[in-house]
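Number of protein chains: 2
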Amino acid sequence: MSKRVGKQTVKLESKPKIIATTSVVGPKEGKGPLKDYFDIILQDDLDGKESFEKAESSMMYKAIEETIKKANLNEQDINYLVAGDLLNQLSASNFAARDIDIPFIGLYGACSTMSESLSISSMIIDGGFADYAIAATSSHFSAAERQFRVPLEMGSQRTPTAQWTVTGSGAMLLAKEGNYPYTTHVTIGKIKDYGKTDTNDMGSAMAPAAVDTIKQHFQDTGRTPKYYDLIATGDLGQLGKKITQELLKEYGYDISNKYIDCGDEIFDKEKQKTNCGGSGCGCSAVVGCGYIYKNMMQGKLKRVLLVSTGALMSPTSSLQGESIPGIAHAVSIEFGGNQNE
Amino acid sequence: MSKRVGKQTVKLESKPKIIATTSVVGPKEGKGPLKDYFDIILQDDLDGKESFEKAESSMMYKAIEETIKKANLNEQDINYLVAGDLLNQLSASNFAARDIDIPFIGLYGACSTMSESLSISSMIIDGGFADYAIAATSSHFSAAERQFRVPLEMGSQRTPTAQWTVTGSGAMLLAKEGNYPYTTHVTIGKIKDYGKTDTNDMGSAMAPAAVDTIKQHFQDTGRTPKYYDLIATGDLGQLGKKITQELLKEYGYDISNKYIDCGDEIFDKEKQKTNCGGSGCGCSAVVGCGYIYKNMMQGKLKRVLLVSTGALMSPTSSLQGESIPGIAHAVSIEFGGNQNE
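Residue numbers (the working numbering), protein chains in the order written: chain A, 423 to 763; chain B, 423 to 763.
Just to be clear, a hint being listed does not mean it is correct.
Put simply, identical chains are the same to the list, so a pair is met inside one copy or across any two.
[Unchecked claim] For lysine to aspartate or glutamate, the following EDC-like pairs were computed, each having C-alpha atoms within a straight-line distance of at most 16 Å: (1) Lys429 with Glu497; (2) Lys612 with Asp499; (3) Lys429 with Asp499; (4) Lys437 with Asp461; (5) Lys637 with Asp676; (6) Lys598 with Asp458; (7) Lys614 with Asp523; (8) Lys612 with Glu497; (9) Lys612 with Asp521.
Calculated from the structure, these hints are not laboratory results.
All chains should be modelled from the sequences, with the hints used to inform the complete structure.
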């Protein structure tokens with residue numbers, strides 16, 4: 423009864439269904455190219471709260487509650503909330519979950535958290551441990567800047583390879599039944615560290631992990647890029663995307679005509695001055711819950727590989743001279759194609 | 423094929439086996455009352471590394487590698503490493519996992535992480551997603567002090583309710599087969615926050631979560647305290663333990679004659695001057711991997727409920743006036759009793 427496929431992939435026999443999603447974004451994201459796909463756009467990034475951290479937590483709370491409402495369920499129906507975020511000690515998730523009456527599993531995978539929480543939730547449903555589980559994550563530009571870089575008040579200049587942390591939260595509700603997009607395979611990644619130390623160039627640091635996980639997913643499943651309508655990495659940005667695409671080509675996988683990076687898509691990089699693009703847990707969360715999910719529901723995308731990518735350094739580890747370890751997890755999501763293929 | 427029992431508990435039909443464990447502790451823990459149960463005792467808490475954070479990461483690496491070796495396996499045999507720690511962005515786990523060739527799932531549950539990682543690993547094995555999975559966690563007194571409280575160099579006085587973060591790491595290797603202690607049920611907890619704000623009294627903040635999870639475990643399984651030889655909470659310390667015991671009595675569950683708290687046991691509180699006792703992810707990890715596992719292997723304990731407990735605040739959330747949310751997850755571990763009961 424092993425569900426293992428190849429070295430690192432598992433097949434979800436029961437195809438857990440993503441029966442509802444919600445994306446909540448900040449004002450900047452709400453003016454970007456994907457604005458029409460988001461459910462809730464905040465008017466300002468404090469959203470009436472006393473701090474950016476509390477605003478982030480409140481965004482996640484909204485994303486979760488709205489998702490439960492969309493599915494006509496109550497908190498009591500949901501067996502697990504599987505969530506994480508970028509704030510130290512998962513503040514955003516913990517304080518959101520405090521006000522929600524659902525057993526809580528906290529995760530940290532930096533910006534890989536959306537596909538990590540979706541992977542764990544999918545396994546929990548497929549394993550028979552839950553009827554309903556919610557996967558959620560969030561990030562907030564202003565909270566991330568002061569935690570990971572410098573407070574905004576300092577007005578630091580951004581380097582050309584810098585990315586802009588997405589202010590946003592996404593939640594996906596998984597269930598055993600329903601005519602909705604479903605997860606079919608999960609490939610949990612290994613940590614890859616090629617010695618990059620520039621914390622203003624996370625895309626390059628995470629690219630090797632994305633390449634490793636995507637390559638492994640193809641090898642394990644016997645699939646090729648042809649199988650998918652869309653392959654979406656999390657937040658490699660313009661530069662990291664380019665590296666990933668080129669490295670995968672060297673391994674014999676040309677994904678160029680169906681490859682997007684959520685961070686590369688969410689902002690108008692020129693007009694919105696986001697340099698290499700968006701980043702943060704919230705990035706692949708809101709693009710996944712918004713653009714990808716809605717296009718799948720409309721039949722415009724049938725087979726998607728979502729590969730959220732995380733840079734696992736901490737400000738302390740960087741100060742202590744460590745390089746930036748990266749990780750990526752891949753989840754195959756399908757809807758409306760040939761289910762028996 | 424639902425494995426759900428009651429509201430919050432799942433039954434692990436296949437009884438995942440804990441085939442090996444390793445506990446690594448610092449010198450102070452190595453002089454405490456449980457010293458004979460630990461596998462590796464460090465001579466100094468830097469262990470030859472340049473920083474406390476790197477020493478913590480190295481402890482976890484040792485715990486994991488030693489555990490794999492004990493089971494006569496290789497890294498390549500292990501399907502998942504499920505780990506977390508107290509450091510911001512899970513530095514200890516991430517940098518340990520960077521040097522280990524195993525797909526990595528990062529968790530954050532503050533000091534509840536040992537039973538959280540054991541729960542997830544058990545579900546992953548029971549769900550057929552893995553042949554082998556490792557659950558691990560760590561904490562380090564000196565790293566935790568400067569991250570959560572004040573650097574040791576400041577020589578701050580400790581309050582009577584303060585606890586001493588355990589320097590230690592524990593790893594458990596789970597497998598489908600083998601004549602070893604096995605997990606039978608998992609009860610994932612909800613976040614409970616009764617408004618406590620004193621970060622020098624985490625035991626009181628976490629006690630309501632421990633009470634809620636233990637009570638729910640009994641209600642879901644129909645068990646009573648009589649069922650277990652030992653109920654062990656994670657790191658409530660002397661005061662939190664007292665509160666938990668008394669509150670459970672009010673709910674009709676008298677656990678007093680079989681109840682220990684790992685934090686209450688690991689130090690000689692008088693002689694070692696640890697006030698209310700030990701704390702930290704590493705606390706229930708090393709007591710679980712050391713004292714509890716070894717006593718189960720020797721047949722001295724047959725049925726144990728391990729309930730690691732976490733205080734989910736961050737220094738930032740405390741500065742922003744938030745109270746301390748608590749969480750607790752319970753895992754039932756058995757060996758040598760009547761397996762069909």
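Verification of the supplied hints:
1. Lys429 with Glu497: between (37 Å within a copy, 12 Å between copies)
2. Lys612 with Asp499: between (34 Å within a copy, 14 Å between copies)
3. Lys429 with Asp499: Between copies only: 10 Å across, 35 Å inside.
4. Lys437 with Asp461: neither (25 Å within a copy, 43 Å between copies)
5. Lys637 with Asp676: Classified as within: same-chain Cα gap 11 Å, cross-chain 55 Å, threshold 16 Å.
6. Lys598 with Asp458: Answer is neither: 29 Å inside a copy and 48 Å across each miss the 16 Å cutoff.
7. Lys614 with Asp523: So Lys614 and Asp523 pass the 16 Å test across copies only (9 Å; inside, 37 Å).
8. Lys612 with Glu497: between (34 Å within a copy, 12 Å between copies)
9. Lys612 with Asp521: between (33 Å within a copy, 10 Å between copies)
In terms of the numbered hints stated before, the structure departs from hints 4 and 6, listed from lowest to highest.
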